[in-house]
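Asker: For reference, each letter of the sequence shown is one residue, going 118 to 587 in this note's numbering.
Some hints here could point you the wrong way.
[Unchecked claim] With a straight-line Cα cutoff of 30 Å, these simulated DSBU-like cross-link-like pairs (lysine-lysine) come out: (1) K224 / K311; (2) K231 / K299; (3) K247 / K258; (4) K247 / K158; (5) K369 / K427; (6) K247 / K128; (7) K231 / K370.
[What the hints assert, rightly or not] Using C-beta positions, here's what the derived DEER-type ranges look like: (8) G201 / W426: 29 to 37 Å; (9) D198 / I135: 24 to 32 Å; (10) W426 / D144: 41 to 49 Å; (11) A460 / K519: 41 to 49 Å; (12) D431 / D144: 49 to 57 Å; (13) A524 / G257: 44 to 52 Å.
Bear in mind the hints are in silico, worked out from the structure with no lab data behind them. Bear in mind that the values here come from a model prediction, so they are computed numbers and not experimental data. Note that beta-carbon positions come from the ideal geometry of N, C-alpha and C, so glycine has one too.
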Amino acid sequence: MSTLYDTELLKRSDAANILHPASVVADVSNNGPARIFVKGKGAFITDTDGNRMLDGVGGLWCMNIGYGRTEIGDAMKAASDQMGYFHTFAGASNPAQIELAEKLVAKMPDHITKVFFGSSGSDANDTLMKIVWYYNGLRGKPEKRKIIARRQAYHGTTIATASLTGLASFHRNFGLPIPEVKHTSLPHYYREAKPGETEEQFSDRLANELESLIIAEGPETVGAFIAEPIMGAGGVITPPKGYFKAVQSVLKKHDILFICDEVVCGYGRTGHWFGHQLYDIRPDMIATAKGLTSGYFPMSAAFISDDIWKVLRDGSATLGAFAHGFTYSGHPVGSAVALANLAIIEGENLVANSAETGAYLHAQLNDTFGHHAHIGEVRGVGLLGALQLMADRDTKTGFDLKHKIAARCAAAIGNQGVIVRPLPTADSLAFSPPLTLDRREADQMVDAIKKGIDQVMGELSAEERKGMAA
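Model the full structure from these sequences, guided by the hints.
Answerer: Right, here's the structure in full:
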């Protein structure tokens with residue numbers, strides 16, 4: 118395609134031919150896409166009209182190494198030239214997959230020993246859900262099929278993983294969730310704690326609510342609990358003190374597996390290689406994607422413990438082949454891309470930069486919004502975070518979600534040259550910029566975010582803000 122673009126022509130063609138994911142169908146059909154991006158470098162991305170923007174969201178939480186990395190293109194071309202593709206069914210393999218698996222398993226806790234490759238975070242969680250059922254069937258406990266997720270969590274959009282997702286819009290009109298999925302409380306201390314309740318007390322209460330749900334459903338029917346170390350699309354919710362310790366105690370008591378969804382948190386996003394390292398989580402299964410290839414190739418990696426692996430191995434004597442997999446599992450080009458991506462993360466110390474620049478960014482956000490009348494909370498860790506929008510900070514009164522204040526603020530911030538993500542269910546603004554972010558770029562983000570929020574709030578009178586309160 119030419120480097121000169123006719124934006125309006127492209128918009129008309131897009132509207133005529135494409136059903137966009139997670140978009141209002143009529144809006145895109147009538148108006149075309151909001152922007153059409155054509156190139157990027159580092160933390161910046163440029164559209165067809167030449168507008169250069171700092172991508173404060175890293176695509177969809179995935180652009181860990183930044184845009185325009187020629188090393189990735191080189192790795193992709195070399196792998197494509199060498200073979201391009203062959204499947205991994207029936208015991209077939211390729212050197213890139215083997216090297217990648219060895220490298221990834223070495224980064225896992227010692228009890229996590231095997232990895233299964235797919236193409237997305239959704240299929241990673243879907244795979245692990247099926248393995249829960251397969252594993253419990255082999256153990257003579259086929260009734261342990263229910264999976265408990267959390268309200269407002271996000272785990273994917275397949276039939277199974279959209280059911281795990283705790284957001285109503287992913288269930289509405291799809292006939293979801295499926296009966297095997299149940300949901301428990303959202304661990305958002307700022308919004309959900311009772312007056313005077315400490316974080317530890319809040320965590321204990323939520324663990325008790327989880328156990329009550331397990332008992333009500335029947336422990337013999339519950340196979341697994343799934344959680345993100347830090348909730349992503351549900352609001353970038355960091356866990357309260359003692360939460361995962363209390364939850365894991367309940368799970369162990371009732372022989373329930375812990376699936377740790379690291380799709381957003383993994384590969385340096387939190388200033389650690391993985392989010393479970395932050396909170397002393399000892400998962401039985403781990404789902405990863407996004408940062409595995411930094412979005413340059415669709416790929417996921419789902420991990421299981423040695424205990425689960427041994428049950429699957431021993432069961433193969435009677436069941437034969439493990440009847441699960443995808444055409445692109447262990448793709449040799451994808452594996453080469455992942456290896457090149459990991460080499461950049463390690464070679465440029467991007468996990469450490471996520472921790473250091475992330476701490477600086479959070480400090481600047483706290484300095485700027487710590488007493489802002491319409492920001493109730495600055496939360497997150499590393500280069501992952503969110504701002505909680507409030508109609509009244511002092512009374513903890515949020516905006517009525519129908520007014521779409523988060524989307525309005527995100528649009529205003531976009532006009533300042535920075536992309537952030539509105540999270541409508543949480544009425545928050547989220548960010549997860551590339552792990553290459555430096556302090557100057559962090560300052561640019563904070564400046565644009567403040568100007569955008571102040572513009573929207575300034576356009577509303579005090580009476581209007583009061584009327585928009587939930």
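Asker: Now tell me, hint by hint, if it's right for this structure.
Answerer: Consistency of the hints with the structure:
| no. | hint | in the structure |
| --- | --- | --- |
| 1 | K224 / K311 | 39 Å, violated |
| 2 | K231 / K299 | 28 Å, holds |
| 3 | K247 / K258 | 14 Å, holds |
| 4 | K247 / K158 | 39 Å, violated |
| 5 | K369 / K427 | 19 Å, holds |
| 6 | K247 / K128 | 40 Å, violated |
| 7 | K231 / K370 | 25 Å, holds |
| 8 | G201 / W426: 29 to 37 Å | 30 Å, holds |
| 9 | D198 / I135: 24 to 32 Å | 31 Å, holds |
| 10 | W426 / D144: 41 to 49 Å | 47 Å, holds |
| 11 | A460 / K519: 41 to 49 Å | 47 Å, holds |
| 12 | D431 / D144: 49 to 57 Å | 53 Å, holds |
| 13 | A524 / G257: 44 to 52 Å | 50 Å, holds |
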